[in-house]
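**Student:** Sequence lines, in order, name chains A and B. Oh and the first sequence: position 179 is 179 in the numbering used here, straight run, nothing missing. Oh and the second sequence: position 285 is 285 in the numbering used here, straight run, nothing missing.
One thing to keep in mind: the hints can contain errors.
Identical copies look the same in the list; a pair holds intra-copy or inter-copy alike.
Under the rule of at most 27 angstroms between Cα atoms (straight-line distance), these lysine-lysine pairs were calculated in the BS3-like manner [unchecked claim]:
hint : residue 1 : residue 2
1    : LYS108    : LYS84
2    : LYS84     : LYS109
3    : LYS84     : LYS114
4    : LYS69     : LYS192
5    : LYS225    : LYS106
6    : LYS301    : LYS189
7    : LYS113    : LYS84
8    : LYS69     : LYS243
9    : LYS282    : LYS192
10   : LYS245    : LYS197
11   : LYS190    : LYS205
12   : LYS225    : LYS190
13   : LYS36     : LYS243
14   : LYS282    : LYS243
15   : LYS108    : LYS190
16   : LYS49     : LYS69
The set of hints was computed from the structure by calculation and includes no laboratory data.
2 protein chains.
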Amino acid sequence: MNILITGGAGFIGSHLCDYLSGNNIVVLDNLALGKKRNIEHLLNNSNFKFIYGDILDDELLDKLFTSVKFDIIFHLAANSDIAKSYYDPNVDKDNTFLTTYALLNKMKKYGVKKIIFASTSAIYGDTTDVLHEDYGPLKPVSHYGASKLASESFISSFVENYGLQAWIVRFPNVVGERTTHGVIYDFIKKLKNDSSKLEVLGNGKQYKPYLYVKDLIEGILFVWKNSNDSLNIYNLGVNSRTKVKEIAQMVIEEMNLNAEIYYTGGDRGWIGDVPTFNYDLKKVNTLGWNASYTSNEAVRKSIQYILTLGSS
Amino acid sequence: MNILITGGAGFIGSHLCDYLSGNNIVVLDNLALGKKRNIEHLLNNSNFKFIYGDILDDELLDKLFTSVKFDIIFHLAANSDIAKSYYDPNVDKDNTFLTTYALLNKMKKYGVKKIIFASTSAIYGDTTDVLHEDYGPLKPVSHYGASKLASESFISSFVENYGLQAWIVRFPNVVGERTTHGVIYDFIKKLKNDSSKLEVLGNGKQYKPYLYVKDLIEGILFVWKNSNDSLNIYNLGVNSRTKVKEIAQMVIEEMNLNAEIYYTGGDRGWIGDVPTFNYDLKKVNTLGWNASYTSNEAVRKSIQYILTLGSS
Chain A
1 MNILITGGAG FIGSHLCDYL SGNNIVVLDN LALGKKRNIE HLLNNSNFKF
51 IYGDILDDEL LDKLFTSVKF DIIFHLAANS DIAKSYYDPN VDKDNTFLTT
101 YALLNKMKKY GVKKIIFAST SAIYGDTTDV LHEDYGPLKP VSHYGASKLA
151 SESFISSFVE NYGLQAWIVR FPNVVGERTT HGVIYDFIKK LKNDSSKLEV
201 LGNGKQYKPY LYVKDLIEGI LFVWKNSNDS LNIYNLGVNS RTKVKEIAQM
251 VIEEMNLNAE IYYTGGDRGW IGDVPTFNYD LKKVNTLGWN ASYTSNEAVR
301 KSIQYILTLG SS
Chain B
1 MNILITGGAG FIGSHLCDYL SGNNIVVLDN LALGKKRNIE HLLNNSNFKF
51 IYGDILDDEL LDKLFTSVKF DIIFHLAANS DIAKSYYDPN VDKDNTFLTT
101 YALLNKMKKY GVKKIIFAST SAIYGDTTDV LHEDYGPLKP VSHYGASKLA
151 SESFISSFVE NYGLQAWIVR FPNVVGERTT HGVIYDFIKK LKNDSSKLEV
201 LGNGKQYKPY LYVKDLIEGI LFVWKNSNDS LNIYNLGVNS RTKVKEIAQM
251 VIEEMNLNAE IYYTGGDRGW IGDVPTFNYD LKKVNTLGWN ASYTSNEAVR
301 KSIQYILTLG SS
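Can you make the complete structure from the sequences, with help from the hints?
**Tutor:** This is the structure:
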């Protein structure tokens, strides 16, 4: 099978490459957030090709779609640094939305029929309600969430107008090997600077599900193989959650420190942050998929990975 | 009050100008669909200004926002010809979505705090379910609907990030004076070409609410004045519907013809058409607003308007 993975050198994309190896894989990544070392071990495979480039490079995309007839696209490329685009919404409009739109147009032009889209819990907005796939109204609070919802919107209209088939999988926070940023990273960095104290943004009560990256990949592939509507929409997640306060404690524990935890106060880490959310996973659980690791286990694995990396 | 009305020379926008006259109004319209004759009667008012230009003209927008400190923006500019963008999705991506995005950025840059956004029932998709504002998942079938939903998404994130206040009003089919296209127009045009028969796209059973344009304007203003959340989302419509078959009959009747009606068959007029929908208007009705004219009355008024126009 010919597979295009955008953002394939990134944290999540590179794991997808591992799981799909054996197929003809083309990774398109501008290495804005992705890292070549994430896919280094695949570069010598004859059926693996890495292209350094940007989805918004129209000529490059035409060349790519002309040279390979893709069976399916896994579209993971996006700006995943949510806090950043507060200062410049174009970061998300361009890298998270217009990339999707550009791909959809090439699918239309070159007759590529299937797309799997990495969406997000951030499309729902800031609410303590339990979030089923039919929840509404959708009120994203970050430009990241807005861009992903805008992407979903056009995926829907392209599916209807041009006979595409799409799987929209809405990720929660994802952690594990090759993670590049986020709360765990921040805590470790702070403690390496000053091992006596740890500043936590917000009141520490932010309470979210953290999904282990390999669970996520298995979930994506499961949904793809087991649902067959023209437009398939699934939350992917884990039925447990972790408080930011617990993450802080786990990080201190794994680093064998005795640091004191300070809270900056307020109910969220930054504007656009969603302090707490609760996924309804009945749809994907009923389809037959469950995460293997709890949210706490996933967080601990991620801490251990980052610490190993730092000492290597 | 300083008011910017984008698309103010259009079918709906020009009625809004009439209702808001007395305020300082600036209309920005590229006359792609709008017509100067719709606002001709206002051009001599000292507090009414018409600017011929495009929202995507960044320099023009900067000049405009520098010269007037707007209290509120009514953003109605869009590609409203849904069927057209099947052939070129960019029509809607640019004119319906990126226009909204550009305005939001200027609001952020120049400190304009309030926006009223003309959204649409097309964001919900093709379903026979009763459509309350909390309906999901949203699966727009036209690029027009996708662009409006993408616009709503960014309005939501801009409201959260920069302290804007927004009113999103989701329109159904709107008819009445100054209408420029749509099923009524098409029927009259066909009958003027050949008064003996009328071809109807689909099976004639498409069943939708048609809202009289003056009712719509009053609804928009009512929602604006009577809701005060940071993000206010309302369906606007009428609690009755009209079959396309009935429209055909009314047109023939009003033209005093004896034409035979032919149906092309199929459950919809074109790809991207939503053959039937049913608005839940409890939210706006509870707020205190109801349309004055039924769907059938609105359709008949629109037919009479177009016929008068043709004979003038």
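**Student:** Hint by hint, note whether the structure agrees.
**Tutor:** Taking the hints in turn, this is what the structure says about them:
Within a single copy, LYS108 and LYS84 get their C-alpha atoms only as close as 32 angstroms, which misses the 27 angstroms cut-off; across copies the closest is 16 angstroms, which meets it. Taking the shortest alpha-carbon separations for LYS84 and LYS109, only the inter-copy value of 17 angstroms comes in at or below 27 angstroms, while the best intra-copy value is 33 angstroms. With identical chains, the CA atoms of LYS84 and LYS114 are at most 27 angstroms apart between copies only, with a shortest distance of 24 angstroms across copies and 31 angstroms within one. Within a single copy, LYS69 and LYS192 get their C-alpha atoms no closer than 48 angstroms, and across copies no closer than 49 angstroms, so neither meets the 27 angstroms cut-off.
In this assembly of identical chains, LYS225 and LYS106 lie within 27 angstroms of each other by CA distance solely inside one copy; the values are 24 angstroms within and 44 angstroms between copies. Within a single copy, LYS301 and LYS189 get their C-alpha atoms as close as 17 angstroms, which meets the 27 angstroms cut-off; across copies the closest is 68 angstroms, which misses it. Taking identical chains as interchangeable, the C-alpha atoms of LYS113 and LYS84 lie at most 27 angstroms apart only when they sit on different chains, with a minimum of 22 angstroms there against 33 angstroms within one chain. In the homo-oligomer, the alpha carbons of LYS69 and LYS243 never lie at most 27 angstroms apart, since the shortest distance is 45 angstroms inside one protomer and 44 angstroms across protomers.
Neither within a single protomer nor between protomers do LYS282 and LYS192 lie at most 27 angstroms apart by alpha-carbon distance, with minima of 40 angstroms and 56 angstroms respectively. Only within a single protomer do LYS245 and LYS197 lie at most 27 angstroms apart by alpha-carbon distance; the minimum there is 14 angstroms, versus 73 angstroms between protomers. Taking the shortest Cα distances, LYS190 and LYS205 sit within 27 angstroms of each other inside one copy (19 angstroms), while across copies they are farther apart (65 angstroms). Neither within a single protomer nor between protomers do LYS225 and LYS190 lie at most 27 angstroms apart by alpha-carbon distance, with minima of 42 angstroms and 49 angstroms respectively.
For the homomeric pair LYS36 and LYS243, neither the shortest alpha-carbon distance inside one copy (32 angstroms) nor that between copies (59 angstroms) is at most 27 angstroms. In this assembly of identical chains, LYS282 and LYS243 lie within 27 angstroms of each other by CA distance solely inside one copy; the values are 22 angstroms within and 38 angstroms between copies. Proximity of LYS108 and LYS190 under a CA criterion of 27 angstroms is satisfied in neither setting, with 47 angstroms inside one chain copy and 33 angstroms between copies. For the homomeric pair LYS49 and LYS69, the shortest alpha-carbon distance inside one copy (14 angstroms) is at most 27 angstroms, but the shortest distance between copies (53 angstroms) is not.
The structure shown violates the earlier hints numbered 4, 8, 9, 12, 13 and 15.
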